[in-house]
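Colleague: Using the sequences and the hints, build the whole thing.
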Amino acid sequence: MIITDILKEVFWSLSANKMRSGLTVLGIVIGIASVITMVSIGQGAKTSIEANIEAIGSNLIIITPGAQRGAAVSQGRGSAQTLIADDATAIRSEVQGIKALAPDTSRRYQITAKGKNTNTQVIGTVPEYLTVRNISMDIGSFFNERQIKTSEKVAVLGPSARDDLFGIHANPVGQTIRIGSSDFAIIGITKTKGGSGFSNPDNAVYVPITTVQHFLSGDEFLSSISVAAKDQGSMLAVQQQIETLLLRRHNITDKTQADFSILNQNDIISTASSITGTFTILLSSIAGISLLVGGIGIMNMMLTTVTERTREIGLRKAVGVKKRYINLQFLAEAIMLTVIGGVVGVVLGWLASLAVSRFAGLTTEVALSSVVMAFGVAAAVGIIFGFYPARRAANLSPIEALRYE
Amino acid sequence: MIECKNLTKTYRNGDVETQALRGVSFHIKKGEFVAIIGPSGSGKSTLMSILGALDTPTGGTYFLDDREVSTLDDDELSEVRHKKIGFVFQSFNLLPRTTVLRNVMLPLLYTDTSEKEREARAIEALRYAGMEEGKLYSLSNQLSGGQMQRVAIARALINRPAIILADEPTGNLDTKTSQVVMRTFQKLNSEGHTIILITHEMEIAQYAKRIISIRDGLIEKDIFV
Numbered sequence: 001m002i003i004t005d006i007l008k009e010v011f012w013s014l015s016a017n018k019m020r021s022g023l024t025v026l027g028i029v030i031g032i033a034s035v036i037t038m039v040s041i042g043q044g045a046k047t048s049i050e051a052n053i054e055a056i057g058s059n060l061i062i063i064t065p066g067a068q069r070g071a072a073v074s075q076g077r078g079s080a081q082t083l084i085a086d087d088a089t090a091i092r093s094e095v096q097g098i099k100a101l102a103p104d105t106s107r108r109y110q111i112t113a114k115g116k117n118t119n120t121q122v123i124g125t126v127p128e129y130l131t132v133r134n135i136s137m138d139i140g141s142f143f144n145e146r147q148i149k150t151s152e153k154v155a156v157l158g159p160s161a162r163d164d165l166f167g168i169h170a171n172p173v174g175q176t177i178r179i180g181s182s183d184f185a186i187i188g189i190t191k192t193k194g195g196s197g198f199s200n201p202d203n204a205v206y207v208p209i210t211t212v213q214h215f216l217s218g219d220e221f222l223s224s225i226s227v228a229a230k231d232q233g234s235m236l237a238v239q240q241q242i243e244t245l246l247l248r249r250h251n252i253t254d255k256t257q258a259d260f261s262i263l264n265q266n267d268i269i270s271t272a273s274s275i276t277g278t279f280t281i282l283l284s285s286i287a288g289i290s291l292l293v294g295g296i297g298i299m300n301m302m303l304t305t306v307t308e309r310t311r312e313i314g315l316r317k318a319v320g321v322k323k324r325y326i327n328l329q330f331l332a333e334a335i336m337l338t339v340i341g342g343v344v345g346v347v348l349g350w351l352a353s354l355a356v357s358r359f360a361g362l363t364t365e366v367a368l369s370s371v372v373m374a375f376g377v378a379a380a381v382g383i384i385f386g387f388y389p390a391r392r393a394a395n396l397s398p399i400e401a402l403r404y405e
Numbered sequence: 001m002i003e004c005k006n007l008t009k010t011y012r013n014g015d016v017e018t019q020a021l022r023g024v025s026f027h028i029k030k031g032e033f034v035a036i037i038g039p040s041g042s043g044k045s046t047l048m049s050i051l052g053a054l055d056t057p058t059g060g061t062y063f064l065d066d067r068e069v070s071t072l073d074d075d076e077l078s079e080v081r082h083k084k085i086g087f088v089f090q091s092f093n094l095l096p097r098t099t100v101l102r103n104v105m106l107p108l109l110y111t112d113t114s115e116k117e118r119e120a121r122a123i124e125a126l127r128y129a130g131m132e133e134g135k136l137y138s139l140s141n142q143l144s145g146g147q148m149q150r151v152a153i154a155r156a157l158i159n160r161p162a163i164i165l166a167d168e169p170t171g172n173l174d175t176k177t178s179q180v181v182m183r184t185f186q187k188l189n190s191e192g193h194t195i196i197l198i199t200h201e202m203e204i205a206q207y208a209k210r211i212i213s214i215r216d217g218l219i220e221k222d223i224f225v
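From first to last, the protein sequence lines are chains A and B.
What the first sequence shows, in the numbering used here, is residues 1 to 405, in sequence order.
What the second sequence shows, in the numbering used here, is residues 1 to 225, in sequence order.
It is worth saying that the hints were derived from the structure and are not from the lab.
All residues carry an ideal CB built from backbone N, CA and C; glycine is no exception.
Any given hint could be a false lead.
Partial list, computed: chain B residues near chain A (C-beta under 8 Å) [claimed, not checked]:
1) Ser49
2) Leu54
3) Asp74
4) Ser78
5) Arg81
6) Thr98
7) Arg102
8) Leu106
9) Leu109
Modeller: Written out as structure tokens, the structure reads:
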């Protein structure tokens, strides 16, 4: 009887003041939904960047040439021609804990095929590149060791490069493309992998490394050497061995003067994580501000509501309703408002996250912690500011409450 | 039924003490219609609060139906108000934007009375209070002053209280409506209800059978009309 009475009273009093109840709920909804959406964008960005970096390969170490140093002018990192195929061979034979290794020499070329042309990265490499960089084949096959030995003019296209040259989803295996002044036979297409943040493996043309050296670049210098360590635990050891080996091979005694640099995938991930972490903090603080504003809105609304109803509380006391039922009713009203607002806010925030990932192309990820936090703050504010003043009013003598203006 | 002995009430506001009642004693028997009359500041509102168990006196004793009310705590006072007293206020004090029926049923909230019985009793009370039929679901803010006061009277009647306490019930009404409301009280009294009316207007007090005049916290006159 008492419970149904309280529920009925709550329902009546909320529906008798639809505008006021609606605005209170709206404040809660906006606060919660914005926090959930913002945090989900931040989380999604973090996850997708990390996934992209993971997609480059697993346990990957990349060695790139360092800056070219002339008498006084530095040409910038990567510009030097300090890595050669022998370095790669030496690493393979002397460093322990390597699962796969692939040197490559890459440069952009204008590529033409049947009247269409594009400018893209041509990567001269070896079959192990597939393992090191987690690339798999869609159509046809990658070139093999024999084709490397004979410097065959064969090419494997990334799906984007294929789309640009032959049209979307075409199968150009068997046809030829022209890179520089040489024709290459297409023998395969790789699977779509998605941008990795640094280079796009989908928009590339893979050819045997020896072919590049003989027909395109005319030199033996490498753009990078990619090494996959056996497991995550051995990455640091592998990296140190490579550094020592290359310093020795390049006759450099001072580490800081090294003419190459070694990039560890974990370093990239932690750098990226710290960037996305900052990004998430930024978004969360914006969301936090909206939650704060929403909270103040709820507070304001609740305080007005209760103050406005002091006479009603007085009347209820005068007709003999006990204090605890008055308290219970206002507590139930505050809970009802925050729960409705909370549920709608969570659903709306979740839908907004979905909409963002669908229409803005950003990956989003709704974090449980943000849902709990947003809901908790809104509920706490709503209940405290709905219940506390009502309790105070219920403690007034009924005469004072009735005379309240 | 009501027995007051030497009631005093002192309000303290900082260092200033105000003596609203300085020793008031009287009896009211069942079925009486008493008007308590006095100018503003005479202490009649304070007396009304104490009689209505809204407040407790500083000194003296107040028995209502042989129960000592002056020493009760908040919950017990609620109980007394709920069971024994029906209030009619000057400013009606209806729940805003709420139907007539729900307003009248308000005192039955959080009791064991079934919904069906609540409605039946509300309809009966509205009939006693002279409220026209067919207004059960009108909202309180759509009623005229006279209608609002009759709803308030019905609300006071619904618990079949021992006494009906009316605090300036005609204060916000015009002369004609005031007459209608006062006749309603007379009719209720003739049906056996005990009514205590607080007013500052002699004209209104004339409807009662007994007039107690209060001045400066003391009874000045106590006459049967």
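Colleague: If a hint holds in the structure, say so; if it doesn't, say that too.
Modeller: Hint by hint, here is what the structure shows:
| no. | hint | verdict |
| --- | --- | --- |
| 1 | Ser49 | holds, 5 Å |
| 2 | Leu54 | holds, 5 Å |
| 3 | Asp74 | holds, 6 Å |
| 4 | Ser78 | holds, 5 Å |
| 5 | Arg81 | holds, 4 Å |
| 6 | Thr98 | holds, 6 Å |
| 7 | Arg102 | holds, 7 Å |
| 8 | Leu106 | holds, 6 Å |
| 9 | Leu109 | holds, 5 Å |
No hint from the list above goes unmet by this structure.
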